[in-house]
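Quick mapping for you: the protein sequence lines, in order, are chains A and B. Quick note on this note's numbering: the first sequence kicks off at 669 and runs consecutively. Quick note on this note's numbering: the second sequence kicks off at 952 and runs consecutively.
Hints in this document: simulated from the structure, not taken from any laboratory. Check before you lean on any hint, since a few could be wrong.
Listed next, the in silico SDA-like pairs over lysine to any residue satisfying Cα-Cα at most 25 Å (straight line) [said to hold, decoys possible]: (1) B:1392 <-> B:1510; (2) B:1038 <-> A:785; (3) B:1038 <-> A:1049; (4) B:1038 <-> A:1026; (5) B:1347 <-> B:1412; (6) B:1038 <-> A:1054; (7) B:1038 <-> A:708; (8) B:1392 <-> B:1474; (9) B:1038 <-> A:954; (10) B:1038 <-> A:709; (11) B:1038 <-> B:973; (12) B:1226 <-> B:1284; (13) B:1531 <-> B:1409; (14) B:1038 <-> A:1034; (15) B:1412 <-> B:1623; (16) B:1130 <-> A:852; (17) B:1038 <-> A:951; (18) B:1702 <-> B:1204; (19) B:1702 <-> B:1675; (20) B:1392 <-> B:1528; (21) B:1038 <-> A:788; (22) B:1412 <-> B:1325; (23) B:1038 <-> A:1050; (24) B:1130 <-> A:669; (25) B:1226 <-> B:1605; (26) B:1038 <-> A:948; (27) B:1038 <-> A:787; (28) B:1038 <-> A:1033; (29) A:718 <-> B:1134; (30) B:1226 <-> B:1641; (31) A:721 <-> A:692; (32) B:1412 <-> B:1464; (33) B:1130 <-> A:670; (34) B:1702 <-> B:1105; (35) B:1038 <-> A:786.
Predicted, not measured: the structure shown is a model, and the values here were computed from it.
Here are the chains, one letter per residue:
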Amino acid sequence: MTVELLSANHGAALAATLAARANRFGRGFCSGVYPITPSTECMEYLCQQKIEKGRVVRVESEHSAMGVCIGAASAGARTFTATSSNGLAYMVENCVAAACLRLPVVLAVANRTLGPPWNIWADHSDALTLRDHGLIQFYCADNQELFDTVLCAFRLAEDRRVMMPAMVNMEGFILSHTVAQTQIPEQAQVDDFLPPTDIPHRLGDVPHTLGQIEIPHQTEMHRWQHHSAMLEVPRIYAEIQNEFEVIFGRRPADAVEAYRTEDAQTLIVSMGTIGATAERVVDRLRAEGQRVGALRVRLFRPLPVEAIRACYAGKQRIAVIDRNISLGLGGVLWSETRSLADAGAVVQNYMAGLGGGDVRPEHIVAMLADLEPRETAGAPSMMEAL
Amino acid sequence: MKYKYPADSSATAASIPLPVGLRLPLEVRVHGRGGQGGVTCAKLIAALFTEMGLHVQTFGDYGSERSGAPVQAYTRVDRFAIGNRNKVYRPNHLIVLDEGLMGTQILEGVAPGSLLLLNTDAGLDSYAGRFEHYRFGVIDATAIAREQGIGSSSVVIINTTILGAYARLLELPLTVLEKAYASLGLSGDLPAAQHAYERVRVCEPVRTNDGPGVSAPTAGPAAVGTIPGHSTDFPPNLRTGSWSNQAPVYGDHPAPCNLACPAGNDVVGFVQALKNNGAEAAAAILLRTQPLPSVCGRVCPAPCMQACNRQVFDGAVNIRSLERWIADHSALEPLPQTAAQPLRVAVVGGGPAGLSAAYQLALRGHAVTIYEAGPALGGVLRNGIPAFRLPPEALKRDVERILKLGVEARCNSRVDDLRRLRQDFDAVIVCVGFGQALDLKAEGESLDGVEQGLDFLDRIKRGGVALMGNVVVIGGGNTAIDCARSALRCGAASVKIVYRRSREDMPAIVEEIDDAEREGVQLHLHRQPVEFSGSGTVSAMVIAEVEPGPPDVSGRRRPLVTQRTSRLACDKVLLALGQKSELDLLPDGWTMREGRAFEGKRLLPVWFAGDCATGDGTVTHAIGNGRRAALAVLANPDAGPSEAPSRGAEPVAPGQIRFSHFDVAPPQTDRQFRPSALTFEEVNLGLAGPEEAGRCFSCGHCTKCDTCLISCPDGVIVRSEDGYRIDGDYCKGCSMCVAECPRSAMEMQEKNRQKVSA
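Make the full structure from the sequences, and use the hints.
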């Protein structure tokens, strides 16, 4: 184990590299890559690595980047790529294909808002376009968590009971370009954690087709199988956390990270780095005697409904902060979790930090000041964070 | 944030002790401009603190702008893993990489007593009283880094330099800095850092109790649910131009055609004038240097076209025919100026060199008399180039334009006594051309029917020449081709050219060789006559095969005559082997050196120009040479040898032209007159129009195409009356305009260089 100063982009690429090398006794590694700000550093780092039985293919578009991963995974390789924003939007067709073909591609996304008008900074609107299409989605809050989650994502995606793509999200610049100390395991540890990739339906000696035409009954069955597999993910992830802890000596973050929530009356719910800011606010307000807790949803697909419901239970006031907006409705996390709160609880939505606005503790304090006097929830509101 | 990764497990073992008085947590904010290395500076600071066993976090506040835009970067340092994901609003240390960023907002959130380190070329005294609430340090990191060659010419990278000054302010010993740079792999930049470490000047805070207070770090959050309307951008108040180390300037660079033109014509000038303002405007430029545009527009070998940068793109611009177009479609007749002290100059020889010298002198108001041995002016143009290539009217037009300037022409006046002429005139320019035609020195050369080609061409001009049978022309130059094509027109049954080298080695204009072959002339290459035979009149020749030997001084392979021979029947042989370059006009006791006459060691006011002086052998060389001799006469009649052709600057190379700006458009070729029977009517009818001028790249010469204006990322280039104006207050020196200029009409120049090591 060494400690390196790495950006999250580089951390993701290094985790992918270690995972790639771990498959040297299996069917190798392949990655199709195409640059886009702010994920470019990730693919650049990956391109510079020497990977035994590995190939990083620079292609002409994000669509083809995922296409390479689909082809390589179909042949049984471990696969990874990285993108952002409109690049992800362009990749979507093949992301859906990878999901429906049940191929365990790991996709790191440096979240950036969708243009035009062009804005290179962070919000979750890019990744959320893939909410409904059978990709596992994690949202991370710091460098180490991102590194660990990429390793877990390979293990989870390639688990026979799961067998589907996994996205690991880091907010562009706020996390992707932040450099911090990161603990890097030895290759042997990663080898122990990640057994050789084994894709049961890969193309092999017996010719068969993938993704051929099917009738309604088959589609219904495929969707149901996929959905059922997704529902298993929280339980399987918990198993993986345990194995990770045994091998690496530290426990990767939970699917839902609860911070000082047990006796809290008020809850601040968010995804990504805003969750880290919320925890600082909790500490500050707790010092003033307020019973506030924070909940950070790391695993967004599948949504860990039971874990969130358990945490919402007994809370009278819940502020859900969304770094996204589902236009015509409101924040996505809010709309998905508001029904999980107790009857009569005030679940108020605050959208903030769109297009990279810096959501500071002051913003969250102002949200809570808005929340406290409410008897019922109002319409989702947006807050400007410069 | 749960501190899952405690300091003792994840931080590196401390290799450097903590600086005395360092209070944690520490927040550092770096202000720089894009490209200066501000973000890396913050990372280096983080790396420095990592060496002390501390937790760090560092990140940039990125903009989407290009080089030069304001950039902030942050480093946090603590004993514990850092959970803060926000930007830094209340820095303990503020590092400003560029003085131009010292606006009113830069101290936002900075408490009195904080450390403020500024990169500036001004001393501490310049800031007296301004930052007395802060621990304030100044260093000229730009000058140090520039001198150490860190960064590029457009952007000097100062992060490693200013880190030296920062280390000094942290009171780290120099050895610590050395160790840190070694561990970061930056030992190459250590001298700059050491320099900054030694030179940084610090002013301790004098007043902290009555300080300005901490200004609010940006406005607090707006009330929930009140999204304000769109705000309007306003121009930045940062004069970004002060940051740049280089600036673009407009300036002509030599076009290859201009440098290649032996006559010294401003080729790119007249072609662009033709394109933009028509034939008269083009003629005004052309006639400055070119007295014979009708001639050169037809018979010039056009070295300009061989040098044309368009050659490697889609074919050279058809410059020769554009010159002809101008000559044929303008009626411009320049008027002579009045000379303050008119000279009387004699020009001996009315060929192209003499005409050019006379023209230049007469234009400037001097009295010129041309002495021509022949019956009319023109020299070889008159009697050596057949009418189907150069109609007499074309020559006449050019000659008359010259005579209208007041030049006196004395034809049928062979000069035998230069001594006397030199006494009668202020200066004499001798332009008598080549000497006698060369012969082959082969057996039987004196037989009837063996004739010098130049004599043959001269006879045709005088009329009444008819040929029959088989004609063989010996030689590979323009005279050989002219003889061959003329022989066909005089009735020869067949015409063969015998030449001792390859087709590529033939000095004749390529298009002329093509035309000759098209008309039926046969080439017998790698052959040389060794004997002529016949009873009285030539009837056959023996030709030997010639092998290419090793290259001679001209780079062409020396011909080696072999013993393998064959017989070739012929009724007429025309010799076109070139002419002697000896000058038999010099009086006893005179010598010619570098184009001047000397009597003993005494310099005489007698110049030589054209083929008799240089032997270059083309009209265009003769014109240039004649002009330069005339200018030498005017510069100072007693001066030394006349000027050498100026070939100082390098021409714009194809690599300096941005081909992507131009559409592929093959050259427009000349129209041809091809009657069923060959006549002496002009065969080349020139271009159908002047549109070919539009193909000119205008190498090195601005055409006001607006590419620079469009390419400028900061919009600081505007049109002005004489071209463009660059707003130096905001030009960041990114050099994009220079890189994008399609024709290399701009360049970058260094600015603001300071000397530091003295």
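A quick look at each hint next to the structure:
1. Straight-line distance between C-alpha atoms of residue 1392 of chain B and residue 1510 of chain B comes to about 16 Å, which keeps the hinted pair within the 25 Å bound.
2. Distance check on the hinted pair: residue 1038 of chain B and residue 785 of chain A sit about 24 Å apart at the alpha-carbon level, within 25 Å; holds.
3. Taken as a hint, the residue 1038 of chain B and residue 1049 of chain A pair is honoured in the structure, with Cα atoms around 24 Å apart against an allowance of 25 Å.
4. Straight-line distance between C-alpha atoms of residue 1038 of chain B and residue 1026 of chain A comes to about 7 Å, which keeps the hinted pair within the 25 Å bound.
5. Of the pairs offered as hints, the one joining residue 1347 of chain B and residue 1412 of chain B holds, with about 14 Å between alpha carbons and a cut-off of 25 Å not exceeded.
6. With a C-alpha separation of about 11 Å, the suggested pair residue 1038 of chain B and residue 1054 of chain A falls inside the 25 Å cut-off, and the hint holds.
7. Pair hint residue 1038 of chain B plus residue 708 of chain A holds up; C-alpha atoms about 22 Å apart against a cutoff of 25 Å.
8. With a CA separation close to 22 Å, the supplied pair residue 1392 of chain B and residue 1474 of chain B stays within the 25 Å bound.
9. For the proposed pair residue 1038 of chain B and residue 954 of chain A, the alpha carbon gap of about 23 Å is at most 25 Å, so the pair holds.
10. Note on residue 1038 of chain B and residue 709 of chain A: the hinted pairing holds, with a Cα-Cα distance of about 21 Å set against a maximum of 25 Å.
11. At roughly 21 Å between alpha-carbon atoms, residue 1038 of chain B and residue 973 of chain B fall within 25 Å of each other, so this suggested pair holds.
12. Distance check on the hinted pair: residue 1226 of chain B and residue 1284 of chain B sit about 20 Å apart at the alpha-carbon level, within 25 Å; holds.
13. Under the criterion of a C-alpha separation no larger than 25 Å, the hint pairing residue 1531 of chain B with residue 1409 of chain B is consistent with the structure, at around 18 Å.
14. Proximity of residue 1038 of chain B to residue 1034 of chain A is assessed by CA-CA distance (about 18 Å); at most 25 Å being required, the pair is judged to hold.
15. For the hint linking residue 1412 of chain B to residue 1623 of chain B, the alpha-carbon distance of about 22 Å falls within 25 Å, and the restraint holds.
16. Restraint check for residue 1130 of chain B and residue 852 of chain A: satisfied, since their Cα atoms lie roughly 24 Å apart, inside the 25 Å limit.
17. The hinted pair formed by residue 1038 of chain B and residue 951 of chain A meets the criterion: a straight-line CA distance of about 19 Å does not exceed 25 Å.
18. Only pairs whose Cα atoms come within 25 Å are accepted, and residue 1702 of chain B paired with residue 1204 of chain B is accepted, the gap being roughly 21 Å.
19. Of the pairs offered as hints, the one joining residue 1702 of chain B and residue 1675 of chain B holds, with about 20 Å between alpha carbons and a cut-off of 25 Å not exceeded.
20. Between the alpha carbons of residue 1392 of chain B and residue 1528 of chain B the distance comes to roughly 11 Å, so the proposed pair stays at or under 25 Å and holds.
21. Between residue 1038 of chain B and residue 788 of chain A, the direct Cα distance comes to roughly 17 Å. Compliance with the 25 Å bound is thereby established for this hinted pair.
22. Taken as a hint, the residue 1412 of chain B and residue 1325 of chain B pair is honoured in the structure, with Cα atoms around 13 Å apart against an allowance of 25 Å.
23. With a CA separation close to 21 Å, the supplied pair residue 1038 of chain B and residue 1050 of chain A stays within the 25 Å bound.
24. Pair hint residue 1130 of chain B plus residue 669 of chain A holds up; C-alpha atoms about 23 Å apart against a cutoff of 25 Å.
25. For the hint linking residue 1226 of chain B to residue 1605 of chain B, the alpha-carbon distance of about 22 Å falls within 25 Å, and the restraint holds.
26. For the given pair, residue 1038 of chain B sits about 14 Å from residue 948 of chain A by alpha-carbon distance, which is consistent with the 25 Å threshold.
27. About 18 Å separates the Cα atoms of residue 1038 of chain B and residue 787 of chain A, which keeps this hinted pair within 25 Å; it holds.
28. A hinted pair counts as satisfied when its Cα atoms are at most 25 Å apart, and residue 1038 of chain B with residue 1033 of chain A qualifies at roughly 17 Å.
29. Using a Cα cut-off of 25 Å, the hinted pair residue 718 of chain A and residue 1134 of chain B holds, with the two alpha carbons roughly 23 Å apart.
30. About 7 Å separates the Cα atoms of residue 1226 of chain B and residue 1641 of chain B, which keeps this hinted pair within 25 Å; it holds.
31. Between the alpha carbons of residue 721 of chain A and residue 692 of chain A the distance comes to roughly 6 Å, so the proposed pair stays at or under 25 Å and holds.
32. As the CA atoms of residue 1412 of chain B and residue 1464 of chain B are separated by approximately 21 Å, the hinted pair is consistent with the 25 Å bound.
33. Annotation: proposed proximity of residue 1130 of chain B to residue 670 of chain A holds, straight-line Cα distance about 20 Å (limit 25 Å).
34. The straight-line distance between the Cα atoms of residue 1702 of chain B and residue 1105 of chain B is roughly 10 Å, inside the 25 Å bound, and the hint therefore holds.
35. Between residue 1038 of chain B and residue 786 of chain A the CA atoms are separated by roughly 22 Å; this keeps the pair inside 25 Å, and the hint holds.
Taken one by one, the earlier hints all hold for this structure without exception.
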